[in-house]
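So you can see what is in the structure, the chains are spelled out below.
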Amino acid sequence: MPASATVEALRAAFPNAVVRDLVQSGDQQVVYIDPGSNAEVLDWLRTDPGERFNLLVDVTAVDYGDGRPLEVVYQLWSIPHRKALRVKCELPLSRLAITSVTALWSAADWLEREVYDLFGIEFRGHPDLRRILMPENYAEGHPLRKDFPLRGRFSRAEQTRRALSQDLEQYYMPEELEGRGAPQIVPADESPNSAPESQGR
Amino acid sequence: MTRRTVDIPVGRGAEMGMDARPAMGPLAPVDVAEPDIGSEEMLINIGPQHPATHGVLRLICELDGETVVSVTPHIGYLHSSFEKLGEYRTYNQIVPLTDRMDYLAPLIYNCAYAMAVEKLMGIEVTERCKVVRVVCLELDRIFSHLLWLGTTAIDVGAFTPFLYAFQERERIYQLHEELTGARITTSATRVGGMMSDLPPGWAEGVREFIDTFPRTLNEIDALLTTNAIHQGRTMNIGAIGPEDAVDCGFTGPNLRASGVDYDVRKDRPYYDYETYDFEVPVGENGDCYDRYLVRMEEMRQSVAILHQALDRLPDGPINVEDPRISLPSKTDCMSDMESMIHHFKLIMDGIDAPAEDCYFSVEGSKGELGMYLVGDGGPKPVRWRIRPPSFVNLSAIAKLAEGHLVADLIMINASLDIVLGEIDR
Amino acid sequence: MGLSEKPAERLPVASSPPGGVLGAGTPTFLTTRLDFVVNWARRNSLWPMPFGTACCAIEMMAAAASNFDLARFGMERMSFSPRQADVLICAGRVPYKLAPVLRRIWDQMPQPKWAVSMGACASSGGVFDVYSMVQGIDTIIPVDVYVPGCPPRPEGLIYGLMMIQEKIRQERLSEHGALRAEDPAAVARARADADEVLALSGPFGNSTRQNRVSGPTGSDASDRPDDRIP
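Chains as they are written, first to last, in my numbering: chain B, 1 to 201; chain D, 1001 to 1425; chain G, 2001 to 2230.
Calculated from the structure, these hints are not laboratory results. Treat the numbers as computed from the prediction; the structure is a model and nothing was measured. You may find that some hints are simply not true.
[Claimed, not checked] Below, computed lysine to aspartate or glutamate pairings styled on EDC-like, alpha-carbon distance capped at 20 Å: (1) B:146 / D:1376; (2) G:2113 / G:2076; (3) D:1330 / D:1349; (4) G:2113 / G:2182; (5) B:83 / D:1083; (6) B:83 / D:1261; (7) B:83 / D:1267; (8) G:2167 / G:2035; (9) B:83 / D:1349; (10) G:2113 / G:2166; (11) D:1345 / D:1332; (12) B:146 / D:1083; (13) B:146 / B:90; (14) D:1130 / D:1267; (15) D:1345 / D:1321; (16) D:1399 / B:128; (17) B:83 / D:1376; (18) D:1266 / B:27.
[Claimed, not checked] So the derived list for chain D, only partly shown, Cβ under 8 Å to chain B, looks like this: (19) 1088; (20) 1246; (21) 1262; (22) 1267; (23) 1387; (24) 1391.
We put the CB at the ideal spot given by N, CA and C, even for glycine.
This is chain B alone, in the form it adopts within the complex (with noise of 0.2 Å):
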């Protein structure tokens, strides 16, 4: 199946940042860009007026294992015309950085947070770049990598004494407001074995 019409005019806007492109399931149109200009691209695509493609879908990420790149997903939808894009960035394990395309949309502030948190990749240019589905004081790394075994680093124990030690009045501190992050949580220094055995009950 030839590329499609806006795969031929985004290689004639950008000749060096298209990398590839290929159509997969049947009809869906993907195409590679380089990472170091994925603002500018998916910003022309935006605005240009025969592409338009308005509404940022989703972002997201792949981690194939075994060392490959991690992929950035972009899902772009033209409400004006009715098509889809998906845009896709490789990023090399020793540069899991990415710039943040906010300015662009809004819709991408939680979904760059959430590739942030699970996978660990930085969007350079993020207002509020923090953690946003695990604990601010999540130390167990980035969980949908695939290196990241299903249950987790720590044993079971561990994993509920850090629940456990965490101090829910600081969140309520107006620095976290502001952006800066929530401050450092120190968990609780007794050991896991000092809990008492039971409620009394």
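Chain B is fixed; fit chains D and G onto it per the hints.
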């Protein structure tokens, strides 16, 4: 001592215009003396365990008096790592996970996931299966909107619609149970078809439901739509314009309430939705009231689609006849060695999907529900990503709530129709 | 409800002399065991604290709605404030991020208090034997009744609450001191110690062990470490 003029919007019968909306202008500007007491902002924590947050959402609000200055939502209190778990399960084993993600509309998630796998594998389901899945999708759209209606009504102080809505939901629970044996966790779909064909009399049960359900809907409509309290609590609250709504990634009823006519069923039709006769309701103001109106009308349109789908329900097989994916019949398994080995291989090894990726989306009850699957040629996906509509919708709550009162923040949160199981995954 | 449910505990009623304050033949006093009256009052006016997180919360709402009508058991008043609640109904999955919240809500409830763990996820982690989920809330708070199911039907929840009522009926006031003793040091701590947590939340069934189909894609299943203290 400073003085400022306060506009007090009052809705009264005499002021109602042709569209039954009260005139929102000031009747008599009142000069309110406001003592200069030198206040500072106050932090209020709402949730994660709070009846008005519709789950375990946590909102930290910075307030100036009762006015919201800023909101910081905290999510992840229900993070159950569906996507990680999916990488350890075969394609059919993932189905039971999908309905635990959005427990308000489980069949929509079952169908969306199965459709994405079928798209990835290039399977075309049978005509009967298509219509059955349309029935499932529309039935659960009503199911989800009813829960939204009941709980949102509670948030504005009306308890009766909750009881009415749950009465109707119980009837859909009954239908779920007849179809799958479970009330919420349906797990009804399989790759290439359904768990089983429709039980006898099920279609008649759905028909009886859609014949009588509009009456209850009209009663709730009469209680809320022109109710001055409800209007006062929802009109001009949390309004968002069409450009901003697209910028924030809104989809579904929330986007359409802002006046953008985007519905996956119309724009990227699947399962012959283009041949069904239905309207997509579109709002104008993008406020809580329009979101309410859009969802009310969507339920009526779903009833219309259900009528058409039941009328055209064809006979024939429900599962595809493809030895790669469909189990052989139980009779064959018990009498024929080849079939038994085949059955064993399909159950133990699963179905292989090609090493491609696939994004497939349906119009869920909360917005565009996308499933992104990356296969590697084996029986398990390398990556299973859910494009969560309410996650993206909720991310705009800070923008919507700024400048409103705390009570309105609760209403705005309710009107976005979120489900935390899907936001946190 | 239940004042005369057991013959042995039927209330002995003494009649006053003819022409008592309330008219002839009217009992003016009754005798009973203090245990019985207190337990009768407690078990028929339980205020549940609905700690609903996921699917089970929807079934809990269904139990409170008109078809199942939890109000029949004196529980119509859902107490969203833990300070005014008697029974904690933990309905749904509890991730580690939510664990301190659950623990704090339990600590905030005044004695006497009971806990119901509703559904497979709250009781054992259910299908979610993953990095983010508490494997059973009994590692965090003491649980009185476990309601199985995924999710349990409203009837199941109601049966579980009736078991709480039965448990209350059998309590003795003389034992209340021991039953209700609270250790201030236990506040905000796990109920179970480290060994018990490991024993309660070890992998079981095919959750992670069935490596024929359940190992991670593209790599060997054996690279996942077993539970160990870091």
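Hint by hint, here is what the structure shows:
{"no.": "1", "hint": "B:146 / D:1376", "result": "holds, 14 Å"}
{"no.": "2", "hint": "G:2113 / G:2076", "result": "holds, 17 Å"}
{"no.": "3", "hint": "D:1330 / D:1349", "result": "holds, 18 Å"}
{"no.": "4", "hint": "G:2113 / G:2182", "result": "holds, 12 Å"}
{"no.": "5", "hint": "B:83 / D:1083", "result": "violated, 27 Å"}
{"no.": "6", "hint": "B:83 / D:1261", "result": "holds, 15 Å"}
{"no.": "7", "hint": "B:83 / D:1267", "result": "holds, 9 Å"}
{"no.": "8", "hint": "G:2167 / G:2035", "result": "holds, 13 Å"}
{"no.": "9", "hint": "B:83 / D:1349", "result": "violated, 37 Å"}
{"no.": "10", "hint": "G:2113 / G:2166", "result": "holds, 14 Å"}
{"no.": "11", "hint": "D:1345 / D:1332", "result": "holds, 15 Å"}
{"no.": "12", "hint": "B:146 / D:1083", "result": "holds, 12 Å"}
{"no.": "13", "hint": "B:146 / B:90", "result": "holds, 16 Å"}
{"no.": "14", "hint": "D:1130 / D:1267", "result": "holds, 18 Å"}
{"no.": "15", "hint": "D:1345 / D:1321", "result": "holds, 17 Å"}
{"no.": "16", "hint": "D:1399 / B:128", "result": "holds, 15 Å"}
{"no.": "17", "hint": "B:83 / D:1376", "result": "violated, 26 Å"}
{"no.": "18", "hint": "D:1266 / B:27", "result": "holds, 18 Å"}
{"no.": "19", "hint": "1088", "result": "holds, 6 Å"}
{"no.": "20", "hint": "1246", "result": "holds, 5 Å"}
{"no.": "21", "hint": "1262", "result": "holds, 5 Å"}
{"no.": "22", "hint": "1267", "result": "holds, 5 Å"}
{"no.": "23", "hint": "1387", "result": "holds, 4 Å"}
{"no.": "24", "hint": "1391", "result": "holds, 7 Å"}
The structure fails hints 5, 9, 17 (numbered hints given earlier, in ascending order).
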